[in-house]
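Protein chains in written order, with the numbering used here: chain A, 1 to 332; chain B, 1 to 609; chain C, 1 to 174.
Keep in mind that the hints were calculated from the coordinates and are not lab data. Idealized CB from N, CA, C, for every residue including glycine. Be a bit skeptical, because a hint or two may be false.
[As the list claims (entries may be wrong)] To list a few chain B residues with every Cβ distance to chain C over 12 Å, as calculated:
no., residue
1, Pro119
2, Phe247
3, Met285
4, Pro347
5, Gly350
6, Leu392
7, Ala489
8, Asp495
9, Arg532
[Unchecked claim] Just a few of them, taken from the derived set where beta-carbon distance is under 10 Å, the chain B residues facing chain A:
no., residue
10, Ala34
11, Val258
12, Ser260
13, Pro263
14, Lys267
15, Pro302
16, Asp304
17, Gly408
18, Met450
19, Glu451
20, Asn453
[What the hints assert, rightly or not] Below, in silico cross-link-like pairs of lysine-lysine (BS3-like), each with a Cα-Cα straight-line distance of 30 Å or less:
no., chain 1, residue 1, chain 2, residue 2
21, B, Lys259, A, Lys332
22, B, Lys185, A, Lys332
23, B, Lys118, B, Lys87
24, B, Lys245, B, Lys388
25, B, Lys77, B, Lys118
26, B, Lys388, B, Lys403
27, A, Lys176, B, Lys173
28, B, Lys236, B, Lys259
29, B, Lys185, B, Lys236
30, B, Lys245, B, Lys173
31, B, Lys118, B, Lys259
32, B, Lys267, A, Lys332
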Amino acid sequence: MRRLLPGLAAVALVACEGRQSVTGGDGLHSGQFNSLFLIFLLVTAFFYLLVIAFLVAAVVRRRGRAEDRPEKSGGEGGFRLILIGWVALVALGLTGLTAASYFSDAAAGGARPANAIRIAVTANQWWWDVRYLDPVPANTIRTANELHLPVGVPVHIQLKSNDVIHSFWVPNLAGKQDLIPGRITDITLIPRKEGLYRGQCAEFCGLQHAHMALDVTVEPMETFEAWRRSQLRPAPPPATPLAVTGYNYIMTQECSACHNISGTPASGQVAPDLTHIASRRSIGAGTFPMSRGHLYAWIADPQSAKPGNHMPYVGLEPHELHGVVAYLETLK
Amino acid sequence: MARTAAGNSRTLPWLRLATAAAFLFAPTAAGSQARAVPAASASPPDDGQWVMPAKNYASTRYSALSQINRQNVTKLKPVVNVATGHKRGHEAAPLVVGSTMYIVTPFPNNVFALDLTKPGAPVKWAFKPRPRRAAQGVACCDIVNRGAAYANGRIFFNTLDGQTIALDAATGKEVWRTLLGNINKGETITMAPLVADGKVLVGNSGGEFGVRGWLTALDAGSGRIVWKAYSTGPDKDVLIGPAFKPFYPMDQGKDLGVKSWPPDQWKIGGGTVWGWISYDPKLKMVYYGTGNPGPWNPEQRPGDNKWTTGIFARDIATGQARWFYQSSPHDLYDHDDINESILLDMPVNGRVRPVLVRPGRNGFMYVIDRVTGQVYSADPYGFINSAKGVDLRTGRLIPVKEKEPKMGRVIRNICPAAPGAKDWNPSAFSPRTGLLYVPHINLCMDMGTMEANYIAGTPYIGADVKMYAGPGGHRGVFTAWDPVRRRKAFEIKEDLPLWSGALATAGDLVFYGTMDGWLKAIDAASGKLLWRIRLASGIIGQPVSYRGPDGRQYIAVMSGVGGWAGAIVSAGLDPRDPTAALGFVNAVRDLPGRTKAEGRLYVFALPRR
Amino acid sequence: MSSHFRAVSAALIAMVALPSCDRETRENRGKPLPESVPGIVGDPRAAEYEGNAFHIAQGQRYYVWMNCNGCHAHGGGGMGPPLMDAEWRYGGSMEQIVDTIREGRPNGMPSFDQKLSEQQMWQLAAFVRTLSAQPRQDALPGRADEMSNIEPRTLDERRPVERTSPAADQARPR
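Bound-form chain A, shown alone:
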């Protein structure tokens, strides 16, 4: 038992890791879930301790009076009173728990607040297509595998799926919500604490279900607005000769058949939008962190990094690879 203790402690401590933690409580709804969990824990712990206490008392009393015959203690009426009291206590406890759970769920699934930011997330195998909606269609933003949210502002996310069932889960902020093909579901988040969080697909969706993460950044309103404005800008033209080589490759070869880069002829719709790829925190929905080396690794051979994903192994020549990475790095 002693030898296992550090292991158990390690297991327990993992749950306390900040970025993807159910106990984070950094959003309104995850905070509510934490409170609910606490209520359940306390109520059930109370009953558990009561039951243990009765058990211990029964064992001790029986042992202590083994030689004396136990008298009928309290009589029939007293025993019935205790029984009724116990049942009432349990009923009260269960009702309380049910009510707490109901109200917590109802709050989480509540109607969309009027001032909410509206986002549409479409899940594909194995990446998240994120669109920020706007009454003026020209101000919609399209990005992939990331969410930027202002702190304290409700966010309403409409969830769709293009292929199989996925599940949207940012544990620090809220619970899970499935994305089901052919249906539209939704979830409301209200982040309360700034920070970087990690979301995850929570419904097995195929070979690379494990590599379908979502980078969530909760930031002050001004930073969020600045991010939004930068996302509306089209891609800058390539500046260096190497970037020009990469640009030409992307526009004429396989990349533009699937990817979109605003402001260029590449208008493919079925793969993540690359217009601001260099500003993201990860590549391949969390497969790699964003860096030059990882960009090289991903583009050179996406199938080794994330086998079975839908970006094919293209087999670029070295100079083409240099050019493509040089150009993509400018897409901030």
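Dock chains B and C against the given chain A, drawing on the hints supplied.
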């Protein structure tokens, strides 16, 4: 208001007078002029020729010749029956200038001049433009051509691979050739150009390929571009300036061609101009409609998607837009608005106003003021369950929420289907009866949408469609519509969809053709079938009528099934897949058994006495 | 441990272990074979891709993503010729279909040489052949997500591939 029939009519003069008088003194609704008349400046007196597919700038497709009439039409016989040498859809209208007939074939768009003075109309000259073969792969709806236009001794026509060519009408020599379209982006040209005010007006095709639509004016003498008006994008590309005064608030604003699209989508937005153009010489304005936005899947392009599926009125000299009306904002069903606009002067609410009447693709018959763009009425002329009507106060189409396409789902029983209540095939107006003769269709569809990917030169659609007959089970309808009374005068149900044009004549006859090859002549007043003849192949072309060199009246039409509706025959498609040909195959699975792919020119006349 | 127990446990282990042998192998990156030359007969990649359920499923996905269904519908044709019948203008073997996709064809089939990797083209060819019931039925994609009311493709009868152009007669019949 009685019109004297032009040409050497052999009918008794008193009968003609009586007939004219009967129409003149027919009971009317209100006002002294109770009937619609074609705009005078746009419809000069008939000279017996047919110099543009629409007959005149008002697009009446009406011949004032009356030698062939209701009594003798049964004697009509074919006098010319020649093969064009091509077996795809023949949508063109034959032109007749003097004693020469000009026809344009489907791809490879050969032009033939036929000598009408000799029996059998032998070929005087032939011109082969040799367009690029790869253009066939980016033509959505068969490799058709809707005809040429004649002006000032020249023949103007377009080729599938995006060129406009001017030929000397007498010799067939090429005068100039201008390349306007890029087939690598999926851009083709199938429409018949309009020549007016010294300019050749050409529009592109390719709304199914994410092609940005435009209307270009070329100088008729040199072929150089005078102006080019796009259908999407910033105001300076769309030629929207201070003269632009749209009637409805939904069409007012700056750079709406960018703002009403998600970023960059307007560049692959569609709005192609592949249909008909009308021209008012008095107001010096051209009227035309823009095609569908791309892709068909509407969820990829939230917003009104200006300036697609709407009608533009432009100043012909500069191309500057004067007004615009969007018939289907945020189009959901590929309801291109490219149908013909017939320019009429008719009483509306007691006063005679200059209007254009157009059978809209979305099933509403629009009466729109030519000067201001105000919609006076929009009445359904087909069965519609996808829209509740048009709100005349705001001008907006009122959609039905349950029929809106949703990705990942199939929405069933949407009426009218993607080709609408009427597609490109033009109607004709008879000033004698005051009726608009509309050959159209009765189809509904199931539509399943999915995400469309944009790859230049490949289709940008995102929808699976399956069409079938609408309520009643008949797939085609021929309607005679009274624009003043705003209702049908009569209706003829046809088994197959009607994809041919209509022709009205002063002999009180209306001609149209069916997809299984029947050319029919009906009574213009009652709709009674008076004569019909079975041709070698289905008819999707536009019938015309002219006075031949010998002074007699002739009826000419091309026969060759195809187009979007007939692709199952002309392209040999497989009927087992209901989504083939963008869903049309399911609606006409029986067509291969009823007609064959052929290409012919027919001319009919009465036997000589 | 008794011999009975050993026998039973051996049988159980075999029962669990054997089905885990792969029904098929999946090459995520494609075997590095030399590029196929147009018209070459018996390219070994044809066998690797033709009856492989994963490759056919990927081909089904790319068929929609590359807009093949825009011109060819779901086999019935439209702007392009039908793919579900027995008539093949440029040949219906795997190698010939890959060649068509890569080079394009004169009357309007675009060239996808610069848009697709070799492996993707083979996957597409494998799927295209299923439209006319050519390969094994057990490798067919499980579910087609398009709207249709035709019989399931697993019930299709195989139609022999006809070659209608002399140039297409280079590959041996399959």
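So, going through the hints one by one against the coordinates:
Listed as a non-interface residue, B/Pro119 keeps its Cβ farther than 12 Å from every Cβ of chain C; the least gap is roughly 37 Å. Against the 12 Å criterion, B/Phe247 stays outside the reach of chain C, whose nearest CB is about 36 Å from its own CB. No Cβ of chain C comes within 12 Å of the Cβ of B/Met285; the nearest lies about 35 Å off, and the non-interface call holds. Listed as a non-interface residue, B/Pro347 keeps its Cβ farther than 12 Å from every Cβ of chain C; the least gap is roughly 45 Å.
No beta-carbon of chain C comes within 12 Å of the beta-carbon of B/Gly350; the shortest separation is about 49 Å. A cut-off of 12 Å between C-beta atoms confirms that B/Leu392 is not in contact with chain C; the least separation is 36 Å. At roughly 37 Å, the least C-beta separation between B/Ala489 and chain C is larger than 12 Å, which holds for a residue marked as non-interface. Non-interface status of B/Asp495 relative to chain C is upheld: no Cβ of that chain comes within 12 Å, the nearest being about 22 Å off.
Against chain C, the non-interface label of B/Arg532 holds: every CB pair exceeds 12 Å, the least being about 31 Å. Taking 10 Å as the C-beta contact cut-off toward chain A, the hint placing B/Ala34 at the interface is violated, the least distance being around 46 Å. For B/Val258, the interface hint holds, the least distance from its beta-carbon to any beta-carbon of chain A being 6 Å, beneath 10 Å. Hint on B/Ser260 holds. Least Cβ distance to chain A is approximately 6 Å, under the 10 Å limit.
Interface restraint check for B/Pro263: the shortest CB-CB distance to chain A comes to about 5 Å, inside 10 Å, so the restraint holds. The interface hint given for B/Lys267 holds, since its Cβ lies 8 Å from the closest Cβ of chain A, which is under the 10 Å cut-off. Below 10 Å, beta-carbon pairs count as interface contacts, and B/Pro302 has one with chain A at about 5 Å; its hint therefore holds. Because the smallest distance between the Cβ of B/Asp304 and any Cβ of chain A comes to about 8 Å, under 10 Å, the interface hint for this residue holds.
Among the interface hints, the one on B/Gly408 holds; its C-beta lies about 4 Å from the nearest C-beta in chain A, closer than the 10 Å criterion. Restraint check, B/Met450 versus chain A: the minimum CB separation of about 8 Å is within 10 Å; hint holds. Annotation: B/Glu451 was flagged as interfacial toward chain A, and the flag holds, the nearest CB pair being 6 Å apart, inside 10 Å. For B/Asn453, the suggested interface contact is upheld, since its CB lies about 5 Å from the closest CB of chain A, less than 10 Å.
At most 30 Å may separate the alpha-carbon atoms for a hinted pair to count; B/Lys259 and A/Lys332 meet this at roughly 24 Å. Between the alpha carbons of B/Lys185 and A/Lys332 the distance comes to roughly 29 Å, so the proposed pair stays at or under 30 Å and holds. Taking the CA atoms of B/Lys118 and B/Lys87, the gap is about 26 Å. The hint holds against a cut of 30 Å. Distance check on the hinted pair: B/Lys245 and B/Lys388 sit about 27 Å apart at the alpha-carbon level, within 30 Å; holds.
Between B/Lys77 and B/Lys118 the CA atoms are separated by roughly 17 Å; this keeps the pair inside 30 Å, and the hint holds. Of the pairs offered as hints, the one joining B/Lys388 and B/Lys403 holds, with about 11 Å between alpha carbons and a cut-off of 30 Å not exceeded. Pair hint A/Lys176 plus B/Lys173 does not hold up; C-alpha atoms about 72 Å apart against a cutoff of 30 Å. The suggested pairing of B/Lys236 with B/Lys259 holds, with an alpha-carbon distance near 14 Å, which does not exceed 30 Å.
At roughly 22 Å between alpha-carbon atoms, B/Lys185 and B/Lys236 fall within 30 Å of each other, so this suggested pair holds. Annotation: proposed proximity of B/Lys245 to B/Lys173 is violated, straight-line Cα distance about 43 Å (limit 30 Å). Distance check on the hinted pair: B/Lys118 and B/Lys259 sit about 59 Å apart at the alpha-carbon level, beyond 30 Å; violated. Among the hinted pairs, B/Lys267 with A/Lys332 is consistent with the structure: their alpha-carbon atoms are about 23 Å apart, no more than 30 Å.
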